[in-house]
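2 protein chains.
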Amino acid sequence: MFKNIKAVCFDADDTLWQNEPIFRRAERRYCRLMKPYSPPEETARKLFAAEVKNLPLYGYGVKAFMLSMIETALAVSGGEVSTQILQKIIAMGRKMLAHPVVLLPGAEAVLKTLSKKYKIAVATKGDLLDQQRKLAKSGLTKYLHHIEVMSEKDKNGYAKLMADLGVKPRHFLMAGNSLKSDILPVLNAGANAVYIPCKDTWEHETADESKIKSPRYAKAQNIKELLKLL
Amino acid sequence: MFKNIKAVCFDADDTLWQNEPIFRRAERRYCRLMKPYSPPEETARKLFAAEVKNLPLYGYGVKAFMLSMIETALAVSGGEVSTQILQKIIAMGRKMLAHPVVLLPGAEAVLKTLSKKYKIAVATKGDLLDQQRKLAKSGLTKYLHHIEVMSEKDKNGYAKLMADLGVKPRHFLMAGNSLKSDILPVLNAGANAVYIPCKDTWEHETADESKIKSPRYAKAQNIKELLKLL
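Going down the list, the sequences are from chains A and B. So the number in the numbering used here is just where the residue sits in the first sequence, counting from 1, plus 527. So the number in the numbering used here is just where the residue sits in the second sequence, counting from 1, plus 527.
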């Protein structure tokens with residue numbers, strides 16, 4: 528379907544490896560820890576609100592999530608949260624940062640195959656050190672021509688990435704699980720995009736797929752289907 | 528003194544703008560807040576130990592500093608720290624992230640002058656979003672050919688930066704206030720380095736200057752002296 532592609536760029540979290548399930552597990556445990564002070568659904572809602580409010584100041588990633596959990600714990604408990612619980616929240620965050628990288632099925636095989644024909648890049652947002660650590664642990668760097676850790680995946684960020692890769696938008700294809708970050712800004716930049724949904728996508732990253740009408744857009748059920756589209 | 532330089536790269540924090548004084552002020556205030564639980568000197572020592580211990584996991588920057596302050600507060604108080612004080616620590620960190628960028632004297636003039644003759648880059652470590660925000664606030668991006676936010680400033684990181692800039696080590700000059708991050712790895716990579724000391728350099732960034740014997744090394748009293756060396 529896609530012709531004349533020269534560079535294929537992958538999102539990392541929940542496209543190449545599991546990420547959101549680690550956050551969701553931590554969130555569920557956090558809500559249980561906060562039960563003495565607040566019902567789990569309310570804690571979850573307030574944590575999400577804090578994360579979104581903090582995005583411009585803290586950005587993405589585990590450290591930002593840790594700070595949002597601590598702030599929410601202080602807020603929903605009216606300052607009554609015990610320091611033991613705060614210790615547990617911090618320990619939970621540290622464990623997330625040290626979590627092993629679990630590749631999604633087919634990720635390595637697809638990168639290996641495509642790297643023979645295309646420039647392969649990874650474009651991820653979040654915490655620089657954490658993302659570099661995950662890439663190193665993933666064993667995928669040998670297939671990569673370029674790694675870009677972006678503070679925000681917007682149209683300008685992708686334009687800069689394409690310039691760095693030395694490819695024109697029509698020769699660039701992005702694959703990822705976030706319509707908001709991996710698909711819409713890429714289509715707006717005049718490039719190609721393949722949406723690979725992941726059931727655990729963060730609420731903040733969703734968008735309405737039905738509104739996407741572009742000949743430069745496709746949807747794949749999993750990363751392996753990408754091989755048929757190229 | 529330096530001949531055939533094609534690219535000049537600057538460290539950012541405490542080379543182009545004030546940074547360490549903001550951390551030192553926060554640290555003094557933090558030690559005062561913790562006085563009910565621990566003497567200031569001891570708090571300062573334990574905070575520094577926590578920061579260094581946390582570096583491999585959290586990396587550099589304000590969010591890492593906030594988490595280290597919270598962890599140290601819980602530790603030195605034996606879990607007795609009040610949630611009001613924790614709130615104040617978080618507010619302090621948030622204020623640091625929103626702090627205006629104060630350029631060091633001569634920084635803009637030097638970049639402007641050098642940008643007419645050399646490729647100018649900034650290589651900084653720390654938090655990606657925070658460093659990008661400071662660069663945007665600094666008004667200096669118009670002089671920059673390239674910006675590199677590194678998770679660690681080591682020999683390999685500089686080798687990659689020189690490759691990205693398309694210059695050989697002998698044509699590359701790095702200027703900065705940290706012997707450990709801006710000077711030694713650059714000299715080890717075969718490139719040129721100018722040390723511009725800053726009285727507020729973080730203890731973790733210091734090294735023994737007397738041991739540096741290289742024809743590719745010079746020391747400047749301030750950023751303006753760089754113009755005479757080039």
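There's no promise every hint is true.
Where chains are identical, the list cannot tell them apart; a pair therefore holds if satisfied intra-copy or between any two copies.
[Unchecked claim] Calculated cross-link-like contacts (lysine-lysine; reagent style DSBU-like; alpha-carbon spacing at most 35 Å):
1) Lys687 with Lys615
2) Lys740 with Lys646
3) Lys682 with Lys644
4) Lys580 with Lys669
5) Lys622 with Lys740
6) Lys573 with Lys646
7) Lys622 with Lys738
8) Lys646 with Lys751
9) Lys687 with Lys643
10) Lys573 with Lys639
11) Lys533 with Lys615
12) Lys664 with Lys639
13) Lys573 with Lys738
The set of hints was computed from the structure by calculation and includes no laboratory data. All values derive from a computational prediction rather than experimental measurement.
Inset, instruction - Could you figure out if Lys580 and Lys669 sit no more than 35 Å apart (CA to CA) within one copy, between two copies, both or neither? - result: between (37 Å within a copy, 30 Å between copies)
Inset, instruction - Since the copies are identical, ignore which copy is meant and state whether Lys682 and Lys644 lie within 35 Å (CA to CA) inside a copy, between copies, both or neither. - result: both (26 Å within a copy, 31 Å between copies)
Legend entry - Alpha-carbon proximity between Lys573 and Lys738, which holds within one copy, between copies, both or neither at 35 Å: within (29 Å within a copy, 54 Å between copies)
Legend entry - Homo-oligomer pair classification [Lys740, Lys622; C-alpha up to 35 Å]: neither (41 Å within a copy, 43 Å between copies)
Inset, instruction - First find the shortest C-alpha distance between Lys664 and Lys639 inside one copy, then the shortest across copies, and answer within, between, both or neither for a cut-off of 35 Å. - result: within (16 Å within a copy, 41 Å between copies)
Legend entry - Lys573 and Lys639: within-copy, between-copy, both or neither at 35 Å Cα: neither (42 Å within a copy, 47 Å between copies)
Inset, instruction - Evaluate Lys687 and Lys615 at a C-alpha cut-off of 35 Å and name the case that applies: within, between, both or neither. - result: Neither: 40 Å inside a copy, 39 Å across copies.
Inset, instruction - State whether the alpha carbon distance between Lys573 and Lys646 is at most 35 Å within one copy, between copies, both, or neither. - result: neither (42 Å within a copy, 47 Å between copies)
Legend entry - 35 Å Cα threshold - placement of Lys615 relative to Lys533: Intra 47 Å, inter 51 Å, cutoff 35 Å: neither.
Legend entry - Within, between, both or neither: Lys646, Lys751 at alpha-carbon 35 Å: within (18 Å within a copy, 42 Å between copies)
Legend entry - Within, between, both or neither: Lys687, Lys643 at alpha-carbon 35 Å: Both: 24 Å inside a copy, 23 Å across copies.
Legend entry - Intra/inter-copy verdict for Lys740 and Lys646 if alpha-carbon distance must be at most 35 Å: within (27 Å within a copy, 42 Å between copies)
The earlier numbered hints that this structure contradicts are 1, 5, 6, 7, 10, 11.
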